[in-house]
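Engineer: This is what each chain is made of:
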Amino acid sequence: MTANTTTPATTAYHDPLARRRLIQTIFGRILIYALLLFGAALILIPFFWMVSTSLKTEDQLFVWPPKWLPDPVAFENYFDSWKQLDSIAPGLTFWRIMGNTLFITVLAMFGEMFSAAIVAYGFARFRFKGRDTIFFIMLSTMMIPATLTMVPGFLVWREFGLLNTYDPLTLPALTAWGPAYIFLLRQFFLTIPRDMDDAATVDGANTVQIFFYIMLPMVKPAFLAIGVLAFQGNWNNLQAPLIYLNTTQFFTLILSMQFFQQSLSKSAPKWHYMMAMATMMAAPILLMFFTAQRYFIEGLNVGAVKG
Amino acid sequence: MGDPGAFNTYYPTLLRYIGLAIVLCLLIYGTYRGLRALGVKPEAATGFSLITPWIAGRIVLTAFPILLSFYLGFTEYNILWDKPKSLQDPLFHYKYALSLKVMKFDADERVSIAALGKLDAEGPRIARYRELDSFTIGDTNYVIGATDPFFFKAVWLTLRYAVFNVPLGLIAALCVALLLNQSVRGIGYWRTLYYLPAVLPAAATALLWWWLFAPKSGLINWGLGQVGIGPMGWFTDKNLVLPSFIIMSTWGVFGANTVILLAGLKNIPPELYEAAAIDGAGTWSKFRRITIPMLSPALFYNLIMGMIAALQLFTQQAFIPTDREDGWFLNWFIYNEAFNSGRMGYASAVGWLTSILIIAITLLVFRSSTAWVFYESSREGEGA
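Protein sequence lines, in the order shown, are assigned to chains L and X. Its first residue numbered 1, the first sequence is counted upward by one per residue in the numbering used here. Its first residue numbered 1001, the second sequence is counted upward by one per residue in the numbering used here.
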């Protein structure tokens, strides 16, 4: 039949009804892209403004109307903000703060990854009495606000004599801190066929070997996804460091930003320095996002599709 | 490059970290051996012993602190003291936080704060009623007094924020997800782009929007000026504090919601739409009868997570110093009571009240889910 071989375009040319439909589709497409571009502008302009401000000199900040591009470009903002912090709080230098932040973030991240994997493995692959009840309790702990444990948590760590150390920020991670991570990994462990364990057991592997050589490699996407989420979560955490750290040399990046805003920037906001610090804080996370985007999205989607 | 002191502060923590890791491994192994010795089957023994790190952590770091906080709520405890002191009236903190009084004033009479009186409870300090708000019915003026107006302001701000921000973020995300689902070219790039604000750390988002919203030289007031709208005092004007926070958070979160909803949309089998088209369903009824029910689990997940996050907002408030009179977010209010004013007892009591509120709201949303969330598996169950 000839009708089947003609392309939609030629049909549209001959048939006025189809032609109208084609025009409608084209308009629809244009509208969709216009809306998407509008949304993109809403997202990108603030980003651009952050980086642009971070490169301006002080007298360019309050120019009216605002200038989009910095001229001259002041890269020194990125160093001067730290010099200023160092001058009011000796020892609060870029390298020290970076070291503190990475130390806390990396220890807490590995702690959360491995402990969550072990606990999730226990929940997913073994039957025991009360398992489902405990799992339900675990999920309910997600509702307990951080506010409730803030005051007594502080008192407990004070009792241990570990205030103003990195312990309260890293050690709890070893006890499978995040219910969401356990849930995510459990969903992945559940999809692995039971034959895998059985075959390995027949071959003489013990539980530890099965876990590290068979199970963990099979849930690698979820394992890395919680790694990414845990890194991001600890990097961005303000509440805990704010409570537990009070010597400026011990500060994390986010805490030094808050300190800067509360001290040097209090009466007259130094936007160029604050934007430079915001950019510095965002840069590693954005870099990680662009290189490991898949894992960010993996972590997000599990809840949506399987929850 | 690090200064010489750095290592000395890291290594004790590192040692304790490794020590705790070893202790937890021994705990798992010990539990396993113990259960086996009691004659428990290997599978059950292994499973239970693997979750012991979680159980131990929650007992020491969650259950115990919660009970401690419950006790502290009935005591007077300054951060500088070693021990809490007992209160003459154990419920003083709760009374202080929750007391409300409505009084009538004649239209021409000036509101006198002293007329509101003081709290009828024995406590460490005299708690006077202060003006929270006033309203008029007919010719009569009423004044609402509260012993702690800041607590009520915090509750009111946090609740309004959650109620407006979460649905708004979901609707925005749904619109973008529907757009992106229209077989758009380069969907990966669009998705990355829209997800970008969600990866920006909350601290950076807060500082950035505070700057964008700056009353005199902010970009937004400049943009509004171009279309003839006068400069607005975002974050400083009493009526604009809440909208400012909502705009900032919606910008920050809707991309993440979009990604989740988009995954949900991609999971809807196309046959459903084809079958509906044969039955003569229009675009709207397809959206109403297929898209929304099929997407409801994802919408529900976003709603729950969004609610929990909105009710606990902290970081943004820590970076944006709004006026306490206009209301602070609950979490920030409690932090300041505990660590700036040093009132640990009162902060514990308010922490409990807040937690009850948050849990009640979350459970309410959960209960509502049976009415509107549609699960594939439950439909199959009905058929069988």
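There could be a bad hint or two in this list.
Claimed, not checked - Derived pair list, reagent style BS3-like, types lysine-lysine, alpha-carbon separation capped at 25 Å:
no. : chain 1 : residue 1 : chain 2 : residue 2
1   : X       : K1083     : X       : K1095
2   : X       : K1266     : L       : K266
3   : L       : K83       : L       : K220
4   : L       : K270      : X       : K1216
5   : X       : K1238     : X       : K1216
6   : L       : K266      : X       : K1216
7   : X       : K1085     : X       : K1041
8   : X       : K1041     : L       : K129
9   : L       : K67       : X       : K1216
10  : X       : K1095     : X       : K1118
11  : X       : K1041     : X       : K1104
12  : X       : K1095     : L       : K220
FYI, nobody ran anything at the bench for these hints, they're computed from the structure.
Engineer: If a hint holds in the structure, say so; if it doesn't, say that too.
Structural biologist: Hint check results:
no.	hint	result
1	X:K1083 / X:K1095	holds (22 Å)
2	X:K1266 / L:K266	violated (48 Å)
3	L:K83 / L:K220	violated (42 Å)
4	L:K270 / X:K1216	holds (14 Å)
5	X:K1238 / X:K1216	holds (17 Å)
6	L:K266 / X:K1216	holds (16 Å)
7	X:K1085 / X:K1041	violated (50 Å)
8	X:K1041 / L:K129	holds (11 Å)
9	L:K67 / X:K1216	holds (15 Å)
10	X:K1095 / X:K1118	holds (12 Å)
11	X:K1041 / X:K1104	violated (72 Å)
12	X:K1095 / L:K220	violated (52 Å)
Hint check: violations occur at hints 2, 3, 7, 11 and 12; the rest are consistent with the structure.
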